[in-house]
Amino acid sequence: MIAGDGEASLPALIEAVKRLVDPARQSAYEARGKKLGAARLAMVERAKSDATIGWDASPITTARMCAEVYAQIRNEDWSLVGNAIRNTWPHKLWNFDQAHRWNGGSGGAGVGYNAPASLGAALANKRHGRLTVAFQGDGDLMMVPNTLWTAAHHRIPILYVVHNNRAYHQEYMYLQAMAARLGRGIENAHIGTTITDPNVDYATVARGFGVHGEGPVVDPKDLAPALTRAIAAVKSGQPALVDVVTDPR
Amino acid sequence: MTRFHLVAAAALLLGAGSLATPGRAQDAPSGDAAKGKRIYLADGCFVCHGRSGQGGAYNGPSPLLAKTPMPFDGFKGQVRAPSNDMPAYSEAVMSDQDIADIYAFVQSLPGRGNAKDIAILND
Numbered sequence: 004m005i006a007g008d009g010e011a012s013l014p015a016l017i018e019a020v021k022r023l024v025d026p027a028r029q030s031a032y033e034a035r036g037k038k039l040g041a042a043r044l045a046m047v048e049r050a051k052s053d054a055t056i057g058w059d060a061s062p063i064t065t066a067r068m069c070a071e072v073y074a075q076i077r078n079e080d081w082s083l084v085g086n087a088i089r090n091t092w093p094h095k096l097w098n099f100d101q102a103h104r105w106n107g108g109s110g111g112a113g114v115g116y117n118a119p120a121s122l123g124a125a126l127a128n129k130r131h132g133r134l135t136v137a138f139q140g141d142g143d144l145m146m147v148p149n150t151l152w153t154a155a156h157h158r159i160p161i162l163y164v165v166h167n168n169r170a171y172h173q174e175y176m177y178l179q180a181m182a183a184r185l186g187r188g189i190e191n192a193h194i195g196t197t198i199t200d201p202n203v204d205y206a207t208v209a210r211g212f213g214v215h216g217e218g219p220v221v222d223p224k225d226l227a228p229a230l231t232r233a234i235a236a237v238k239s240g241q242p243a244l245v246d247v248v249t250d251p252r
Numbered sequence: 255m256t257r258f259h260l261v262a263a264a265a266l267l268l269g270a271g272s273l274a275t276p277g278r279a280q281d282a283p284s285g286d287a288a289k290g291k292r293i294y295l296a297d298g299c300f301v302c303h304g305r306s307g308q309g310g311a312y313n314g315p316s317p318l319l320a321k322t323p324m325p326f327d328g329f330k331g332q333v334r335a336p337s338n339d340m341p342a343y344s345e346a347v348m349s350d351q352d353i354a355d356i357y358a359f360v361q362s363l364p365g366r367g368n369a370k371d372i373a374i375l376n377d
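As you go down the protein sequences, you meet chains A and Y in turn.
Heads up, the first sequence is in the numbering used here, so the first residue is 4 and it goes up one at a time.
Heads up, the second sequence is in the numbering used here, so the first residue is 255 and it goes up one at a time.
Take these hints with a grain of salt, some might be off.
Straight-line Cα separation of at most 27 angstroms, DSS-like style, residue types lysine-lysine; simulated pairs [claimed, not checked]:
{"no.": "1", "chain 1": "Y", "residue 1": "K330", "chain 2": "A", "residue 2": "K95"}
{"no.": "2", "chain 1": "Y", "residue 1": "K291", "chain 2": "A", "residue 2": "K51"}
{"no.": "3", "chain 1": "Y", "residue 1": "K321", "chain 2": "A", "residue 2": "K224"}
{"no.": "4", "chain 1": "A", "residue 1": "K37", "chain 2": "A", "residue 2": "K51"}
{"no.": "5", "chain 1": "Y", "residue 1": "K370", "chain 2": "A", "residue 2": "K37"}
{"no.": "6", "chain 1": "A", "residue 1": "K51", "chain 2": "Y", "residue 2": "K321"}
{"no.": "7", "chain 1": "A", "residue 1": "K129", "chain 2": "A", "residue 2": "K238"}
What follows is a set of in silico ranges between Cβ atoms, one per label pair, in the way DEER data are often shown [said to hold, decoys possible]:
{"no.": "8", "chain 1": "A", "residue 1": "G211", "chain 2": "Y", "residue 2": "S337", "range": "18 to 28 angstroms"}
{"no.": "9", "chain 1": "A", "residue 1": "I194", "chain 2": "Y", "residue 2": "Q351", "range": "47 to 57 angstroms"}
{"no.": "10", "chain 1": "A", "residue 1": "H193", "chain 2": "Y", "residue 2": "S349", "range": "21 to 31 angstroms"}
{"no.": "11", "chain 1": "A", "residue 1": "V24", "chain 2": "Y", "residue 2": "D281", "range": "50 to 60 angstroms"}
{"no.": "12", "chain 1": "A", "residue 1": "V221", "chain 2": "Y", "residue 2": "G367", "range": "34 to 44 angstroms"}
{"no.": "13", "chain 1": "A", "residue 1": "K21", "chain 2": "Y", "residue 2": "S344", "range": "50 to 60 angstroms"}
{"no.": "14", "chain 1": "A", "residue 1": "A102", "chain 2": "Y", "residue 2": "S344", "range": "17 to 27 angstroms"}
{"no.": "15", "chain 1": "A", "residue 1": "R43", "chain 2": "Y", "residue 2": "G314", "range": "19 to 29 angstroms"}
{"no.": "16", "chain 1": "A", "residue 1": "M145", "chain 2": "Y", "residue 2": "S337", "range": "57 to 67 angstroms"}
No lab work stands behind these hints, which were simulated from the structure alone.
Bear in mind the structure is a predicted one, so any value in this text is a computation, not a measurement.
We treat Cβ as the ideally placed atom computed from N, Cα and C, and that holds for glycine.
Start from the sequences and build out the full structure, keeping to the hints where you can.
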């Protein structure tokens, strides 16, 4: 096992590996690369087609949310440092062409990891002037909302896009599956797993902690302008949060 | 290959068959899409498959359901005795007619649009 900073070490490591490539193997690698490239392009086209389903729906689909964010950051030096559980759209639709575009997940999927871990990554990105973005599950944020105060206090620029499905949703799905497996019916699976009555207004929460807050965004047409305002705040050196009311997955 | 994959593969094969092929969407029992929508939302189908039938993910992918090519018999089989982590719905809690209504609802969903018509998917 080699432990180290991927961003610092991978470029040099890649070059070192390239120098060792046998010229006889080069064509085989290129042929394989072409196949993989074609498969990737086909997957992206399929994902774009899938993303159209429910495009104008409210609650907003995660595909729409992710597409709207990417449309506004794709020409920046962006860095995605956090993600909500099972939100697969960035890796389907976005072009991760540099090491700092994605810094990985916790590995353990612990609730309450994403918000502070993303802020740590944003702090690391700050000196590089990168536009740091994190998709933020609402349940995860419920564990550690004080992260927002830390972001404001230390003037750490980050855009939190809250994937607000009003639930500890992975747990909600898990309880449905387990209750059914045990023959108990699923009608009580929402108890303790949904975050409604009252709904949380995360934009107001953010503002209370000194963070620029937008939302709740319910109509997908309102998402782009809210993101524009929030990104302007991030570019001025502030943290910002956009609360997007989303479909579960 | 999981049972779901087998069912899905069978669905695709059947979908590609001749007009006389049994088990196609149009051969499903008559269902009420409006009632199906109510059941879809009340019984938690949307939790994994999305309100627009766009699919999602739990421990693995939750299949896209809008205009599913899966024939009704396969669809019902998945509801009654699911593969993977999907909750099973017995006849005691969901009748065959309920499933037919849900099937009618997912067939009534708009499904995929044309990605070329959406500018931000083509930048």
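task: Assess, step by step, whether the Cα of K129(A) is no farther than 27 angstroms from the Cα of K238(A), and give holds or violated.
output: Holds - the C-alpha atoms of K238(A) and K129(A) are around 11 angstroms apart, at most 27 angstroms.
- Satisfaction of the hinted span 21 to 31 angstroms by the C-beta atoms belonging to H193(A) and S349(Y): At roughly 23 angstroms between Cβ atoms, S349(Y) and H193(A) fall inside 21 to 31 angstroms, so the hint holds.
Given the hint of 50 to 60 angstroms, is the C-beta distance from K21(A) to S344(Y) inside that range or not? holds, 58 angstroms
* Asked: Taking 47 to 57 angstroms as the hint, is the beta-carbon distance of I194(A) and Q351(Y) inside that range?
  -> 28 angstroms Cβ-Cβ, so the 47 to 57 angstroms window is violated.
If you draw a straight line from the CA of K321(Y) to the CA of K224(A), is it 27 angstroms or shorter?
Holds, at roughly 25 angstroms.
What's the verdict on K330(Y) and K95(A), does the C-alpha distance respect the 27 angstroms limit or exceed it?
Given that 27 angstroms is the threshold and the Cα spacing comes to 30 angstroms, the pair is violated.
task: Take the C-alpha atoms of K51(A) and K321(Y), compute the straight-line distance between them, and say whether it is at most 27 angstroms.
output: holds, 17 angstroms
Exercise. Do the alpha carbons of K37(A) and K51(A) lie within 27 angstroms of each other, as the hint requires?
Worked result: holds, 21 angstroms
TODO: Determine whether the Cβ-Cβ distance between M145(A) and S337(Y) falls within the hinted range of 57 to 67 angstroms.
DONE: violated, 32 angstroms
C-beta pair V221(A), G367(Y): status relative to the range 34 to 44 angstroms that was hinted: violated, 21 angstroms
* Are the Cα positions of K370(Y) and K37(A) separated by 27 angstroms at most? -> Holds - the C-alpha atoms of K37(A) and K370(Y) are around 25 angstroms apart, at most 27 angstroms.
Take a look at whether the Cβ-Cβ distance between G211(A) and S337(Y) falls inside 18 to 28 angstroms.
The hinted range 18 to 28 angstroms is violated for G211(A) and S337(Y), with Cβ atoms some 46 angstroms apart.
Of the numbered hints stated above, those contradicted by the structure are hints 1, 8, 9, 12, 14, 16, listed in ascending order.
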